[in-house]
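Undergrad: Take these sequences, add in the hints, and give me the full structure.
First to last, the sequence lines map onto chains A and B.
Mind the numbering: the first sequence is residues 90 to 414 in our numbering, read in order.
Mind the numbering: the second sequence is residues 3 to 79 in our numbering, read in order.
If you're looking for bench data, these hints aren't it; they were derived computationally from the structure.
Worth double-checking, as some hints may not be accurate.
As the list claims (entries may be wrong) - What follows is a list of derived Cβ distance ranges for each label pair:
#1 79(B) / 229(A): 14 to 24 Å
#2 176(A) / 5(B): 37 to 47 Å
#3 24(B) / 188(A): 31 to 41 Å
#4 188(A) / 55(B): 33 to 43 Å
#5 47(B) / 283(A): 22 to 32 Å
#6 252(A) / 27(B): 49 to 59 Å
#7 64(B) / 405(A): 42 to 52 Å
#8 405(A) / 57(B): 29 to 39 Å
Note that beta-carbon positions come from the ideal geometry of N, C-alpha and C, so glycine has one too.
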Amino acid sequence: MINVLKPGLQTTVQDDGRVGYYETGMPPSGAVDQYSYAVANMLAGNKKGAAVLEITYMGPALEFQEDAVIAITGGVIPPQINEAPVPMWETLEVKKGDVLTFDFVKQGARAYLAAAGGIDVPVIMDSRSTYTLCGIGGFDGRALQEGDVLSIGNMQEKEVKPGTRVTGEYIPEFSANHEIRVIIGLCSYRLTEESKQRFLDIEWTVTPEANRVGYRLKGERLDFVPREQPFGAGSNPSNVVDLGYPIGSIQVPDGIEPIALLNDAVTGGGYAPVATIISTDLNRIGQAKTNEKIKFISVTLEEALEARQQNNRKLAEVKQMMQSS
Amino acid sequence: MKEIVSSLPGVFYRRPEPDKPVFVEEGDEVKAGDTIGLIEVMKSFQEVKAEADGVIKSIKVEDKAVVDAGQVVAELE
Numbered sequence: 090m091i092n093v094l095k096p097g098l099q100t101t102v103q104d105d106g107r108v109g110y111y112e113t114g115m116p117p118s119g120a121v122d123q124y125s126y127a128v129a130n131m132l133a134g135n136k137k138g139a140a141v142l143e144i145t146y147m148g149p150a151l152e153f154q155e156d157a158v159i160a161i162t163g164g165v166i167p168p169q170i171n172e173a174p175v176p177m178w179e180t181l182e183v184k185k186g187d188v189l190t191f192d193f194v195k196q197g198a199r200a201y202l203a204a205a206g207g208i209d210v211p212v213i214m215d216s217r218s219t220y221t222l223c224g225i226g227g228f229d230g231r232a233l234q235e236g237d238v239l240s241i242g243n244m245q246e247k248e249v250k251p252g253t254r255v256t257g258e259y260i261p262e263f264s265a266n267h268e269i270r271v272i273i274g275l276c277s278y279r280l281t282e283e284s285k286q287r288f289l290d291i292e293w294t295v296t297p298e299a300n301r302v303g304y305r306l307k308g309e310r311l312d313f314v315p316r317e318q319p320f321g322a323g324s325n326p327s328n329v330v331d332l333g334y335p336i337g338s339i340q341v342p343d344g345i346e347p348i349a350l351l352n353d354a355v356t357g358g359g360y361a362p363v364a365t366i367i368s369t370d371l372n373r374i375g376q377a378k379t380n381e382k383i384k385f386i387s388v389t390l391e392e393a394l395e396a397r398q399q400n401n402r403k404l405a406e407v408k409q410m411m412q413s414s
Numbered sequence: 003m004k005e006i007v008s009s010l011p012g013v014f015y016r017r018p019e020p021d022k023p024v025f026v027e028e029g030d031e032v033k034a035g036d037t038i039g040l041i042e043v044m045k046s047f048q049e050v051k052a053e054a055d056g057v058i059k060s061i062k063v064e065d066k067a068v069v070d071a072g073q074v075v076a077e078l079e
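TA: In structure tokens, the structure reads:
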């Protein structure tokens, strides 16, 4: 058992997502940074898909009621056990009675805390992920609150020796300037040629409205090609006839502030998606903080798939390192 | 002197509501745990609190200004 002494800003139970229900309007939820999530589970010796805690900006204070093996990855929200700093990206041992707390966020936005065995909450539609907007999954369908008691499950597949670490190239670095790769489309034809170029040239700023649903960005106004709106589309030039939104798609309501849709976003609607963040870089945009800068880099589908394969190779190598440790 | 820092990035508010007086003025005496301001981020509001007793020497951030995590919002004497 783990007692939640303080919940942090928004600490939720997440896993690899509620995949397979998108067409019913159910977004996948799940850890926003799936790379850091996966490595946390590997360091804890968990099976793929075990649930972890996703910690946003401000860490919780957690009191362990049993001995446990844990690992913390992701953005640098420096962890402390009984007020002594402990490393991230390393398998750690905690004893019954130990209190885990976190210092101010230094880099990135989200940290992942895996416990050997996984966080045990009911599986809803094949996932333990929290979807707070609908109040389903995770711990009572919501972010953690003071006084909650978490159970550790039985998703451990391997004993990883405490002190086992991942290093160097396997630890992503998050600066305050994020380069995020996108594929232009689906409805980029709605932007003027000039605005399409400006979209890629501008350094966008992350606004305080940036969460698991979406990231609203500030920069400058983008213009849409004037036209008589087709039947079924809204009257604003940024409207199209409703369509399914790809996860990571970026819409620009009224041309004013682009919104990148993330894991908890609405699955479809009538704003023109002008570009879509490649799946590998969803891991990175989820680590961008309010006030930080984002620049979008246009890539081809082939480049996006290569980036995904590279990411998967990296995860396979980390897994290999754990096996041989 | 002690610094009061924001643990979050977001928008700093000196008032609990737009038409209410500010939480504290420079020169005010505060106790540990007193609220100095609010930080709005991800559509939620978090209180910034004094961690010790003292007198507010200066407020470093304007009302509704954007702050970074770890930024000093006020100094305490």
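Undergrad: Determine for every hint whether it applies to the structure shown.
TA: Quick rundown of the hints versus the structure:
1. 79(B) / 229(A): 14 to 24 Å: At 44 Å between Cβs, range violated.
2. 176(A) / 5(B): 37 to 47 Å: Between residue 176(A) and residue 5(B), where Cβ atoms are some 27 Å apart, the hint is violated.
3. 24(B) / 188(A): 31 to 41 Å: 35 Å, holds
4. 188(A) / 55(B): 33 to 43 Å: 25 Å Cβ-Cβ, so the 33 to 43 Å window is violated.
5. 47(B) / 283(A): 22 to 32 Å: 39 Å, violated
6. 252(A) / 27(B): 49 to 59 Å: 51 Å, holds
7. 64(B) / 405(A): 42 to 52 Å: 50 Å, holds
8. 405(A) / 57(B): 29 to 39 Å: 58 Å, violated
Against the hints set out earlier in the document, violations occur for numbers 1, 2, 4, 5 and 8.
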